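Number of protein chains: 2
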Amino acid sequence: MSVTVINYDRDVTRWEPNARGRLEQAAMKLYVERGFEQTTVADIAKQAGLSERTFFRHFADKREVLFWGSGALQELLVSSIASAPAEVSPIEAIAGALETAGALLQERRDGALLRQSVIAANAELQERELIKLASLASALADALRQRGVRDPAASLCSETGIVVFKVAFGRWISETNPQSFPYLIRELFDELKGVAAGD
Amino acid sequence: MSVTVINYDRDVTRWEPNARGRLEQAAMKLYVERGFEQTTVADIAKQAGLSERTFFRHFADKREVLFWGSGALQELLVSSIASAPAEVSPIEAIAGALETAGALLQERRDGALLRQSVIAANAELQERELIKLASLASALADALRQRGVRDPAASLCSETGIVVFKVAFGRWISETNPQSFPYLIRELFDELKGVAAGD
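Listed in order, the protein sequences are those of chains C and G. Take the first sequence: its letter number 113 is residue 113 in the numbering used here, and every next letter is one higher. Take the second sequence: its letter number 37 is residue 37 in the numbering used here, and every next letter is one higher.
These are calculated hints, taken from the structure and not from any lab test. Possibly wrong hints are sitting among the right ones.
No copy labels: a pair is met if it fits in one copy or bridges any two.
Stated by the list, open to error - Straight-line distance between alpha carbons at most 30 Å, and here's what the computed BS3-like set of lysine-lysine pairs gives:
#, residue 1, residue 2
1, K193, K29
2, K132, K166
3, K46, K193
4, K46, K166
5, K62, K46
6, K62, K29
7, K132, K193
8, K62, K193
9, K166, K193
10, K62, K132
As the structure is a computational prediction, the values presented were derived from the model and not from experiment.
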């Protein structure tokens, strides 16, 4: 008779309520206090009262704690563009999608501020952010092409939309009493219209 | 009486006509043939018939061969914006500067094509390119602020200008019989005006 040995690993099977959120919170706290480079995964796990193994079940590395949200953001934007009525212009489809994303971020302003301060302090993270935004722009252009928008309009609208989003984000996090993020996004799309026309 | 010993280094003092251009040409040839990563500074120097020491007098590393031009490009754009008449609108100042740069690049299309193929094949180089473009956009925004343009118009115009430049560049290098680069830039600024207005 063979005996099945169950290699029982307590850590893997233990239920850890909101481990992901706790790890994220712990990581942000340490990144702000000590700096991103000086923080190890072991530090983060300890701060969260969880194991390193648990950390790696949720995040590939310590950088991913800052960037995992960009996948969800991209899906949100792409599905918003896809669901816009056919008569909506390309730039309006992009603007509407970004306003929707802005409204979600509006509820997480404190987290966005912290994240931004960590990224601003580290050149490697700034590069990563640029790459994420570039690939986001590509995804938006693809979503426009799916709606039948041709190039170069598809690339122009999506890349310009990312510019508006970046500039609006900068205002939103730097002003002490800013307008809401979706409001700023809308305002800057109007401003874009003006500056592009040579106002 | 003291004797001054001149440490004569033949390599440092030898006159090498167009060493920089020869090194650049040799590097591009090898980057295209072998790939950027597989090419060493020693390979480049040998290919150019020069020493590694000469290479390092002209370039900090093998990556700089691809990016040294961005400093000159930035100076050209900034001075063009600064010299535009006061009544010229911000977007027109940017468009005019980019057209001037486009006309210069037009004469170097083969080199631009080669450079682009090397960069497209390497993720690290693509990141570097994104960073250079981001810092170029900052420099253009500063040049607009010097003209009295306020934010967010200054950021919007300069970042949007870089978008137009990128999209125009993509068309210029991918089409077999493209319009001239400055023509494509002008055309895309017109297109931008249309898409921003919701056409």
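Tested hints:
For a Cα distance limit of 30 Å, the shortest separation of K193 from K29 qualifies neither inside one copy, at 40 Å, nor across copies, at 44 Å. Taking the shortest Cα distances, K132 and K166 sit within 30 Å of each other both inside one copy (12 Å) and across copies (17 Å). Taking CA atoms no more than 30 Å apart as the test, K46 paired with K193 passes in neither setting, with 50 Å inside one copy and 54 Å between copies. Taking the shortest Cα distances, K46 and K166 never come within 30 Å of each other, neither inside one copy (34 Å) nor across copies (45 Å).
In the homo-oligomer, the alpha carbons of K62 and K46 lie at most 30 Å apart inside one protomer (14 Å), although the nearest pairing across protomers, at 42 Å, exceeds that limit. Taking the closest pair of Cα atoms, K62 and K29 come within 30 Å of each other only inside a single copy of the chain (13 Å); across copies the shortest separation is 39 Å, beyond that limit. When the C-alpha separation of K132 and K193 is checked against a cutoff of 30 Å, the pair qualifies both within a copy, at 26 Å, and between copies, at 27 Å. In this assembly of identical chains, K62 and K193 lie within 30 Å of each other by CA distance neither inside one copy nor across copies; the values are 40 Å within and 42 Å between.
Taking the closest pair of Cα atoms, K166 and K193 come within 30 Å of each other both inside a single copy (16 Å) and across two copies (20 Å). For the identical chains of this complex, K62 and K132 are neighbours both inside a copy (16 Å) and across copies (26 Å), given an alpha-carbon limit of 30 Å.
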